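We have chain A; now place chain B onto it with these hints.
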Amino acid sequence: MIVATTRGFLGRRRERDPRLPPGQYDVGAGWPVLTAEATPRVDADTWTVTVDGLVDTPTTWTLRELRLLTPSVYAGDIHCVTTWSKLDTNFSGISFDTLLDAVGVQDEAKFVVERSTTGYTTNLPLDDVRGGKAWVVWEHEGRPLPREHGGPVRMIVPHLYFWKSAKWIERITLLDHDEPGFWEVNGYHERGDPWREQRFDGD
Amino acid sequence: MSSASTGTDEDFGVPDDRPGGPNDRRAAAKWRDARVVEVAHPAVDAVVLRLAVPERVQHHPGQHYVVRLRAPDGYTAQRSYSVASSPADDLVELFVERIDDGEVSTYLADVVEPGDDLEVRGPIGRWFVWSGYTRAVAIGGGSGVAPLVGMLRHAHDVDRTDRLRLAVSATTRDRLPYAGELEAAGAHIALTRAPGDPHAGRLDAAAIAALVDPGATVYLCGSARFTGAMETLLVDVGQPAGTIRVERFGPTG
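Residue numbers (this note's numbering), protein chains in the order written: chain A, 5 to 207; chain B, -2 to 250.
If you're looking for bench data, these hints aren't it; they were derived computationally from the structure.
Computed from a predicted model, the values in this text were never measured in an experiment.
Please note that the accuracy of each hint is not assured.
What the hints assert, rightly or not - Okay, the calculated bits of chain A under chain B, using three or more residues with CB under 8 angstroms as the criterion:
1) 36 to 43
2) 53 to 67
Said to hold, decoys possible - Derived EDC-like pairs: lysine to aspartate or glutamate, alpha-carbon spacing no greater than 16 angstroms straight-line:
3) Lys114(A) <-> Asp180(A)
4) Lys27(B) <-> Asp205(A)
5) Lys90(A) <-> Asp21(A)
6) Lys27(B) <-> Glu116(B)
7) Lys27(B) <-> Asp207(A)
8) Lys27(B) <-> Glu52(B)
9) Lys114(A) <-> Asp182(A)
10) Lys114(A) <-> Glu201(A)
11) Lys27(B) <-> Glu201(A)
Said to hold, decoys possible - A short list of chain A residues far from chain B (calculated; beta carbon distances all over 10 angstroms):
12) Leu14
13) Asp21
14) Asp47
15) His144
16) Arg147
For glycine and all other residues, C-beta sits at the position ideal for the given N, C-alpha and C.
Pulled out of the complex, with its shape left as it was, chain A reads as follows:
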């Protein structure tokens, strides 16, 4: 019952970039801002991030302290559920593995909830944020991360749709159960794998 083709639509990009997941388009040099709440003003000097929950040593870091840890860069693509992808970009900060190693993950921990200063939350399986898959970053392409894009510090989990990458990150809590976050209770997919087009609840 789904239309075989849309009458008269040929599409523009005949040479599809293999880096684009299905249904995504290349936004080029742009970087759209998508946020559901008012953009907060977070002071980099007083900002902290805490990793807690099912860990041996819940720990809070300032940005100054994070900068002393082993640096790590993500260079690659990011994908927003609203269908834009930004290809070949980069973010600098630290690997989230570094923080997990510091706090000591307990065996029962299976999920995480990222929380922003705004109260925004997003949930992920722990395996989606460890093993070189997630970063805590404060620079984009060599410059301080802009406020509207989550500055001073945000998470990035670039193998999933970008709503899984909380801006203005404040706390990451490890849990033994899944707790759906903000968009996950508002109609979006639990996991959000762009290569499987897991956009909305039911995909």
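Chain B alone, transformed into the frame defined by chain A:
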């Protein structure tokens, strides 16, 4: 956001999880063929599509639909568009701003005719929604007024226009979607490049201060630049940040 507005069913006033009801998310996510019933071109850079959606899930004002175009070789392109119609409308009305180099919006504006079928899914999104049962301040810029028009029409349908205050901005009257309808509803209209027009002006601190209502939810929709500026004004004049819900329109073609 964390305290004032929880995004839970209470916000909707009338929770309805029945199949086909507004919270039937799985049905809403299903792709279906909608029949284009009416096509209007209210301005050179806009098209209004009115669609008959089979097995339609009723939307909440503020929600959006996804439209997917499919080329003969299987290539697809999809974009999201806010619903400008009221839930009570028999058809789903989508307002589409035509972006000059936009792959989807140029097709919708230039090619689509009544009788065509379009693949759609929706309604989507449970955050930027207004039930009609709470006080709301709705602020829109340019094509960002489309979901607010859906709210306005719903307010008329449920006789709750007293609970919805509207402020909208565009460069000129031609660039303000649904200008006549918004004017008739008493919306505060600010046209930034229309010298001599009775609505010439900006949504400045004084205009925003007149809208502040800490007990209301603010629905703010428009470009990143517009919503960013409005957020700052709102918070500066005393609207709690946690009451502000934002829908930003990126440069999607």
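What are the numbers of the hints the structure violates, in ascending order?
2, 10, 12
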